[in-house]
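Take the two lone chains and join them into the complex the hints point to.
Protein sequences appear in the order of chains W and S.
First residue of the first sequence? That's 1 in this note's numbering, and the numbers climb one at a time after it.
First residue of the second sequence? That's 1001 in this note's numbering, and the numbers climb one at a time after it.
Just so you know, the hints here were simulated from the structure itself, not pulled from any lab data.
Computed from a prediction, not measured in an experiment: that's the story for all the values here.
All C-beta atoms, glycine included, are put in the ideal place defined by N, C-alpha and C.
Relax, there's no trap hidden among the hints.
Think about it this way: if two alpha-carbon atoms lie no more than 30 Å apart in a straight line, the pair counts; the simulated BS3-like pairs of lysine-lysine are:
| id | chain 1 | residue 1 | chain 2 | residue 2 |
| --- | --- | --- | --- | --- |
| 1 | W | K69 | S | K1057 |
| 2 | S | K1071 | S | K1011 |
| 3 | S | K1014 | S | K1057 |
| 4 | W | K3 | W | K69 |
| 5 | W | K3 | W | K96 |
| 6 | S | K1011 | W | K96 |
| 7 | S | K1011 | S | K1057 |
| 8 | W | K69 | W | K96 |
| 9 | S | K1057 | W | K3 |
| 10 | S | K1071 | S | K1057 |
| 11 | S | K1057 | W | K96 |
Covered by chain S, per the in silico footprint, the following chain W stretches (three or more residues, Cβ under 8 Å):
| id | region |
| --- | --- |
| 12 | 39 to 49 |
| 13 | 90 to 103 |
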Amino acid sequence: DAKTTQPNSMESNEEEPVHLPCNHSTISGTDYIHWYRQLPSQGPEYVIHGLTSNVNNRMASLAIAEDRKSSTLILHRATLRDAAVYYCIRALIFGKGTTLSVSS
Amino acid sequence: DTGVSQNPRHKITKRGQNVTFRCDPISEHNRLYWYRQTLGQGPEFLTYFQNEAQLEKSRLLSDRFSAERPKGSFSTLEIQRTEQGDSAMYLCASSFYSNQPQHFGDGTRLSIL
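Just chain S, with the same shape it has in the complex (with noise of 0.2 Å):
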């Protein structure tokens, strides 16, 4: 299956910790995207890439939030100095291009202790 991937699916931190989520996109796509989930919402966009650019990030986007995709293959979500409302589902998403139809991973949840 050549689906999105996302490793880890479950990861747990103390508060103060970094992590790094990792996404490996379905291969032809451009488009890789980032949400956020919390318990009984919708996912809330985070950020985008078309190929290697970073080319949209939301406000909820804070300075300790940093997202790459080196070479416009896989990309990573990390998270610096960890809070209690970090925690949630991380969900990865790709696309062709704009307007397609997005591919989503089954996420990474985080529970900060």
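Next comes chain W alone, as it looks inside the complex (with noise of 0.2 Å):
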């Protein structure tokens, strides 16, 4: 089973760091570990993804578990604009997601 494990929400206040965690305890040795985030009538949008190590890009860290079956994807200070549905993904296979809201 390829799913994934999120929360179903979180919430955060802005200007504060954000983490949302992953598991996905059944993972092969060769799957990357994506994460996307959607905003309402809009496709899915990248934000990150890894094998093993952890990442850094302009939008998010990603931290990955050393046995890899579980991941925390990090916004180092939310934003209003952060607010949306994350996908942590494996093997093209999307859960529900957790909707992260952002109070200001």
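This is the structure in structure tokens:
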């Protein structure tokens, strides 16, 4: 089963860091972990991806557990524009994602 | 902007009719994917192409659904004899190759009357 498990929702305040967890306990050695986010009436937007090492880009950081069974997307300073549904996927399988709410 | 383009954005049709959607991927991208998304759910994978070859089809893709990517450029997704359950957002994405980021279009919303 290629499903990932994420909390249904999370809340954050503006300017604070956000850690979005994802479990993928059945991941194979060659599966990359991808994160996307989606706003209403739009297609998903790529955020970050990685295989084994932690990854950073201008949008976020991805921390991958040593056993690769879980990962965490880190938004260093949440803004109102970060409010979206965040999906952690592997092998083309999306779950229901985490709805992130950001308060000012 | 040379992002992924999908047409039409909205399609309303009567049950039993055939519909066709078009996706124009980012031009350099070899892979093209189709997904379906219903309200409150994440996108569900339907099928993908590597250039013009259709390499994988989900069990969700019944025999009423057919997808093509002639010459490895744009792609079409056709649904024959539409049913109420086909109402959804149909998303297209493209990428350079496997395990690379996918770039999504904004989808075609299909409503069946």
